[in-house]
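**Q** Sequence:
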Amino acid sequence: MKTSVIKSLLASTALAWGSSAYAVNVGGITWDPNSFFDFSMQQAIFENNVDSVGQTLTFYGEVSHINGLNNGSFLDGALELTFYGTAVVKEFGDFDGNGTVDVIFDNLTVTFYADQDAADFDPSNPATATDGIVWLVLQGHSTDRAYNGSTHTGELFAELNGGLDFADPGDAGSGFAAFDVIGGEAAPYFDTDTITNLAGQTLSNGPADFSFTTSFQPVINDPTGETLFGTGELTGRSRVVPEPATLSLLGLGLLGMRSRVSRKTK
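Per this note's numbering, the very first residue in the sequence shown carries number 1; after that it's consecutive.
Since the hints were derived computationally from the structure, they do not count as laboratory data.
Don't take each hint at face value.
Below, a list of computed lysine to aspartate or glutamate pairs in the EDC-like style, where the Cα atoms sit at most 16 Å apart [as the list claims (entries may be wrong)]:
id, residue 1, residue 2
1, 90, 106
2, 90, 51
3, 90, 144
4, 90, 185
If you anchor each label on the Cβ, the simulated ranges turn out as follows [what the hints assert, rightly or not]:
id, residue 1, residue 2, range
5, 77, 202, 37 to 43 Å
6, 233, 191, 26 to 32 Å
7, 213, 118, 26 to 32 Å
8, 202, 233, 40 to 46 Å
9, 197, 52, 28 to 34 Å
10, 25, 197, 29 to 35 Å
Ideal placement from N, C-alpha and C gives every residue a C-beta, glycine not left out.
Using the sequences and the accompanying hints, generate a full structural model.
**A** What follows is the structure in structure tokens.
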């Protein structure tokens, strides 16, 4: 009898757990942790120009795809998913000797917002990227990186085709970073420490939660000449966090099993 009860409990719990292991909805943003892509997020990114050590890079934008699905599919309660972040120029130079400028940033942070009131993101107004519930907060993961025999430490690494002027006409570039989860409603789903490698080099400061890649170029018709537009991809793993109903089912099942076993032993 005890074995039968245990099997029944495990079966019912597995069913409840399995039903929660597919579509997850946090703050109106939904995705499948079992997806082939899990977890992949693409963004449209807008950035300001920086041209010296100590200046702050500001970047913001809107998430366009999650796990290969556009916002018509991953929005389920929220009307848009936006983000706003900053990083500070730490150093720059042709560290790898290839004739282009390498830029290293510190103090990298980004916050994602699930806006449930209006789809009002405006690329010309960074403030429109910061309304809604705080969905996820990420902090740059500091790591050492080898450049042609020298080692440099930072959180965001970029390479420009020209000099240190992100909005120089005709210039373009790319970048990459690792991130750790530090807050937001979706944080429990992504604090996984599954990223051990960044752009071909092992992370020196232990595993991170996400890797990030981006490419960018100036906005040609920007009258200020100070804005870049790019795309980015945030990649990692998510995990299923059992819902309260699942935990309650497990607890009730354990209590029931204990009661039946007690009666049997008496």
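**Q** Does each hint hold? Answer for all of them.
**A** Here is what the structure says about each hint:
no.	hint	verdict
1	90 with 106	holds, 6 Å
2	90 with 51	holds, 11 Å
3	90 with 144	holds, 13 Å
4	90 with 185	violated, 31 Å
5	77 with 202: 37 to 43 Å	holds, 39 Å
6	233 with 191: 26 to 32 Å	violated, 20 Å
7	213 with 118: 26 to 32 Å	holds, 30 Å
8	202 with 233: 40 to 46 Å	violated, 21 Å
9	197 with 52: 28 to 34 Å	holds, 31 Å
10	25 with 197: 29 to 35 Å	holds, 31 Å
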